[in-house]
Structures are given as structure tokens and as C-alpha cells.
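Peer 1: Below are the chains, spelled out letter by letter.
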Amino acid sequence: GAVVSQHPSWVICKSGTSVKIECRSLDFQATTMFWYRQFPKQSLMLMATSNEGSKATYEQGVEKDKFLINHASLTLSTLTVTSAHPEDSSFYICSAREAGLAGGTTGELFFGEGSRLTVL
Amino acid sequence: AQSVTQLDSQVPVFEEAPVELRCNYSSSVSVYLFWYVQYPNQGLQLLLKYLSGSTLVKGINGFEAEFNKSQTSFHLRKPSVHISDTAEYFCAVFMYSGGGADGLTFGKGTHLIIQP
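The listed protein sequences correspond, in order, to chains A and B. Mapping to my numbering: the first sequence position 87 is 87, numbers consecutive. Mapping to my numbering: the second sequence position 79 is 79, numbers consecutive.
Since the hints were made in silico from the structure, they are not lab data. Be aware that a few hints might be false.
Straight-line distance between alpha carbons at most 25 Å, and here's what the computed SDA-like set of lysine to any residue pairs gives [as the list claims (entries may be wrong)]:
(1) Lys-108(B) x Thr-32(A)
(2) Lys-108(B) x Leu-46(A)
(3) Lys-58(B) x Glu-113(A)
(4) Lys-108(B) x Thr-57(A)
(5) Lys-49(B) x Met-45(A)
(6) Lys-41(A) x Asn-24(B)
(7) Lys-49(B) x Thr-32(A)
(8) Lys-41(A) x Ser-9(B)
(9) Lys-20(A) x Val-62(A)
(10) Lys-69(B) x Glu-108(A)
(11) Lys-66(A) x Asn-41(B)
(12) Lys-49(B) x Val-3(A)
(13) Lys-108(B) x Phe-67(A)
(14) Lys-58(B) x Glu-108(A)
Which bits of chain A does chain B cover? Going by a derived footprint, with three or more residues having C-beta under 8 Å, they are [as the list claims (entries may be wrong)]:
(15) 41-49
(16) 107-118
Cβ atoms here follow ideal geometry from the backbone N, Cα and C, with glycine treated the same way.
Taking the hints into account, I'd like the entire structure generated from these sequences.
Peer 2: Rendered as C-alpha cells:
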């Protein structure tokens, strides 16, 4: 099956610094990637949708200047948490969607392993 | 708008007993349905999916689910659980609009706890 890899798995940083998380589709081209945030014992909250070569679409309430998303190639999307603060500590998960043979989609998403961010 | 309801936030079950995790959805159009499993500190792994055809879908790790259109349900079942099945289970719905690139709508998750 399709594999999505996230890096780093764990990151600890000081308040005020920026952290970049990478999401790669290893064996397929991902024209669309999604970034989620997950709080303890809760479901995934969609943060933004990124399309290769265009600006990301952010969900309501998500600060686009705080969470910078770049999808510069068909296999890589990055999420940068700028000027991180303790309240940004969370589990961030990416997912990717592979385009169907006829340009459609089954809706199935392939998820990365997740990245746990702890801001001190 | 579509929504997904997982009625049970937590389900404790004894090892080797059967289990059913419930999922109901609301949508006025055709949908694709998924069950994902999440182990601690990991991403989501697809258990099974319903796209079309037979309403009984078999997935990995001995899980199966049945799509019931009249009851708008997609309950997940396993006849005999193991300790290793302890995890968070998410039901998800994708509304096929023929051109959208929206993400899935997830339920809030059900924590399956297997007791020895």
C-alpha cells in the first residue's frame, strides 16, 4: 500500500523558536496533502489542505501565519510552526491522497506516523 | 453537511470476546466509509473501507464492518479480540461530490480496551 512518512517523530523546542515537520509520500505522487492536529484523547482536527504548486487552504480558526504550509513537490509537504508556544504542543499528523486513475478519488487517505511537538 | 457519530467513547471488552464499535453518519448524498485504527503515538492505519458493492466489508486483523444504508450505519465488528487490539478506532466518511478534494469527516473515536 501507499506509504506516507513524517519526520521528525518527536521534537522538543524552546518557546519562540520555529519547528518544521516534513511529510513525504514515498511510493506515489500526492497532489493533495492534509495536516491535522490531535489533542489527547480527541479526534483529528483538520488544519489545512495543501495542493501541490498552490497556496494551502486553511480551516476556520487556524492561523495561517502561525502554521506555514508548503507543498512544493508532488511528494513533499512541510508544516512550519512559527514562534512556537506551549499551547502549540500537540500531535500533528499529515495525510496524502493519491489521484485515481481517471483523476477521481476514492477518498482514502494515507497517514503519516505523526509528529509530537512539545514546546517548553 | 455530513457528520459522523461514534456513540461509545470507550468500550471495555474481555480478551477473546466479540466486540462491536458503532458508527452512524448523516449525509444526503452517496458516501465512502472508512474505519481507521490508531495505536498510541502513531498515525492512523486503514482497517477497512466501503466504496460500493457488497455491504459486508472485511479488513485487516480480523475486523469486518457492515454498511447499512437505511440505518446510515457502518458498525465495526470482530468475533474475538486480542490484547493487541487495544487502540483508538475512528470511523470516517468521505462525501463523493465528483470533484472535491475535501478531507474525510471523522468521528470522535472509540477507545477499545481489552481486558485479560
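Peer 1: Hint compliance check: list the failing hint numbers for this structure, sorted ascending.
Peer 2: Result: no hint breaks.
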